[in-house]
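Engineer: Protein chains in written order, with our numbering: chain L, 4 to 215; chain V, 5 to 207.
Since the hints were derived computationally from the structure, they do not count as laboratory data.
Keep in mind that the hints are not guaranteed to be accurate.
What the hints assert, rightly or not - Below 30 Å or equal to it, Euclidean Cα-Cα: the simulated DSS-like pairs (lysine-lysine) are:
(1) K90/V <-> K42/V
(2) K182/L <-> K169/V
(3) K182/L <-> K170/V
As the structure is a computational prediction, the values presented were derived from the model and not from experiment.
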Amino acid sequence: MTPGTPSTRALLLAGLWTDNPALVKLLGLCPLLAVSNTAINALGLGIATLITLVISNTMVSVFRHYLLPAIRIPLYVLVIASVVTCIELLIQAWLPQLHRSLGIFLPLIVTNCLIMGRAEAFASRQPVKASIVDALAMGLGFLVVLLLLGMARELIGLGSLFTGAAQLLGTDTSHTGIKVFDAEYGVLIALLPPGAFFILAALLVAKRKIDR
Amino acid sequence: MLEYRSKLNQSGFRLSLGVATAVIVTALVFVITKQQRKQSSQLILSRQIGLLLPTGAYENNPATDRIQLNKTISSSLTLNSAYLYKSANTVRGAIFHVTTSQGYSGDIELLVALAQSKLVHGVALVAHTETPGLGDKIELGRTDWLSQFTGLHTTSMPPSAWSVKKDGGAFDQITGATITPRAVINAVSDTINWYSRHPDSLQ
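Just chain L, with the same shape it has in the complex (with noise of 0.2 Å):
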């Protein structure tokens, strides 16, 4: 390990505490607003960014010594934009119904500046494997803030949790998730934009509590 290199422990720490993407360094907010309306919305969008955060990560840090300065942000561009091309491709080759879940959600990744931050900050100065644990703190770290997101304002607005659960798990069988009380009786406006910075505050809140 070449010094400077933080550990794994640290690296995971970091991400899904102490540095967290969306409760700390609030990045990536407008897929975190956008797509947490529902907890399998929230895990699709999740579990699409780290992968993607994976590969983008590894690809900047292996060829981190070829970025020279002056193009390392159109490079990174590239590499996210590719790599979330190609992962839509191969997705809706092999993986058709996970496309139709989550064919919406990809094209949103390119613009997370998570994925941007990470290829910034560690992977074009840290060695590959250390990149690869960065990824996927970041990325766990999100993906946690996300869910816990989308099942609030489902919770919230709908009374339900894992609705469209068949959607995401490609069944055709029509699933409910569970039921905690009658959509009637939800809030509507946890699932509005405006719910979404309302229960993001709190967890922020909630978050500062414990550290204190």
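Given chain L, put chain V in place with the hints provided.
Structural biologist: Relative to chain L, chain V alone:
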């Protein structure tokens, strides 16, 4: 000055090389997956058709028995194509692939399976961009709203029944979404009307 120039050239060269590599890789993936992507979308389509039609109702493969229509039958509804299903070499009905522009945030694509005996076999969603959590409840994986159309006999329904209960019709509404159900109901009803006026157009 000279040093600056050579460095710039180097950056430019590397960037071009990177772009060329990315283009080649992406193009390769595109070409390699082309056949498989086509097969997969055909598979999804025939599976959807299989779900819409009762087993034994047809003897051909409707997914390949396709007629291109491209007919705009009202200001908002286009009939893209029809997949015929046959038994004993006669057309028993068709699955219409239609697009309505009345959706809340864009077009909604549907498959409407109709028998010539004026029976609605079912309606399936192909693509939409409705609000997640609200309008997307028309997806069968989320609620069974779309299954209301299954088994309807169109002759027994007055035209006024083709709207949600709130508007005096026969169909359930969706909480928080007014426009989406209206768009789907109108699309199905317009397709049925067109087919009953042109029963022989698909022979």
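Engineer: Please go over all the hints and tell whether each is borne out by the structure.
Structural biologist: Hint-by-hint comparison with the structure:
Among the hinted pairs, K90/V with K42/V is consistent with the structure: their alpha-carbon atoms are about 24 Å apart, no more than 30 Å. Pair hint K182/L plus K169/V holds up; C-alpha atoms about 24 Å apart against a cutoff of 30 Å. About 25 Å separates the Cα atoms of K182/L and K170/V, which keeps this hinted pair within 30 Å; it holds.
Every hint from the earlier list agrees with this structure, and none is contradicted.
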